[in-house]
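The residues making up each chain are set out below.
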Amino acid sequence: MEQTQVFMPSVDIVEGENAFEIHADMPGISSDKINENLSVELENGVLFIKGKVDFVNQKLTNSRNEFLNGEYRRSFKFDEKVVSAEIKAHYSNGVLKLILPKRKDLKNKISIQVA
Amino acid sequence: MKTDPNFNGGSIVGFSHGLNNLFDSLFQNDSFFGVSERAKYPLCNVEWDDQKAILYFEIPGVEKNDIDIQLEGDVLTINGERKIAYSGKVIQSESFAGKFSRKFRLPYAVESDSVQAVFKNGMLSLTLPRKAETKPKKIEINIA
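Residue numbers (my numbering), protein chains in the order written: chain A, 4 to 118; chain B, 10 to 153.
Derived from the structure by calculation, the hints contain no laboratory data.
Please note: incorrect hints may appear among the correct ones.
List time: in silico EDC-like cross-link candidates among lysine to aspartate or glutamate, alpha-carbon distance up to 20 Å [unchecked claim]: (1) A:Lys80 <-> B:Glu56; (2) A:Lys62 <-> B:Asp59; (3) B:Lys129 <-> A:Glu74; (4) A:Lys100 <-> B:Glu103; (5) B:Lys98 <-> A:Glu20; (6) A:Lys100 <-> B:Glu72; (7) B:Lys92 <-> A:Glu18; (8) B:Lys92 <-> A:Glu24; (9) B:Lys140 <-> B:Glu81; (10) B:Lys112 <-> A:Glu69; (11) A:Lys62 <-> B:Glu56; (12) B:Lys129 <-> A:Glu69.
Between the sequences and the hints, there should be enough to build the whole structure, so can you do that?
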């Protein structure tokens, strides 16, 4: 049976002026079937990323592995008051980049009351 | 690929010796640069038989032009740089960034002109055919 394991991808998180960015190292996800193998979901302020590694070797006589076939999984908790649901996702060179725009309506909500 | 039945026995010992060499040199290299095993980058899977060796690297976030591979006999060196430039405040930083270098001693010298490289989705695979003159030769036994 093939070994299946769950890995937590390494991530960098960056806060820009208008958005948060998450960069997750998820190499080896087949981009031919990207929507099948990689998913990003947001539910109740929890962002959940999942990706299936598609590592195929030729089964030669000898082998040594530092990484295995399996699945990347990681979740992030975000304040729904800060982050809007319009998340953009982009997969390139084995890195998943997510852009989480900050809610613009936050600023608009603050109205100045005049006595 | 089918296992060569002739490959059993002594050959396997020879190859596992090669394997130890491979990982020994790799560890020496890493300790030389003061990098802990956990921080190894790029991670590498390797497989081989008596015809060829294939190395697979997990190399996320690196552009093709920032990877340099050198072959010298049975030693393969991979050098490169992962360039990361974010605009904004970095809240969390776990990914490897900067220069990397790893060295591997292969089980045999390879035909450097026939190496095949595939770079896709942050994975690099190198197929390294064994140098013809290093392949085992059958020795005829003459009976007097």
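Each hint tested on the structure:
1. A:Lys80 <-> B:Glu56: Status violated; Cα separation ~40 Å.
2. A:Lys62 <-> B:Asp59: holds (13 Å)
3. B:Lys129 <-> A:Glu74: holds (18 Å)
4. A:Lys100 <-> B:Glu103: holds (14 Å)
5. B:Lys98 <-> A:Glu20: At roughly 9 Å apart (the allowed maximum being 20 Å), A:Glu20 and B:Lys98 satisfy the hint.
6. A:Lys100 <-> B:Glu72: holds (15 Å)
7. B:Lys92 <-> A:Glu18: holds (19 Å)
8. B:Lys92 <-> A:Glu24: Distance of about 17 Å is within 20 Å: holds.
9. B:Lys140 <-> B:Glu81: Distance of about 12 Å is within 20 Å: holds.
10. B:Lys112 <-> A:Glu69: Roughly 15 Å between the alpha carbons, so the hint for B:Lys112 and A:Glu69 holds.
11. A:Lys62 <-> B:Glu56: Within the cut-off at roughly 7 Å; holds.
12. B:Lys129 <-> A:Glu69: holds (19 Å)
Taken one by one, the earlier hints fail for this structure only at number 1.
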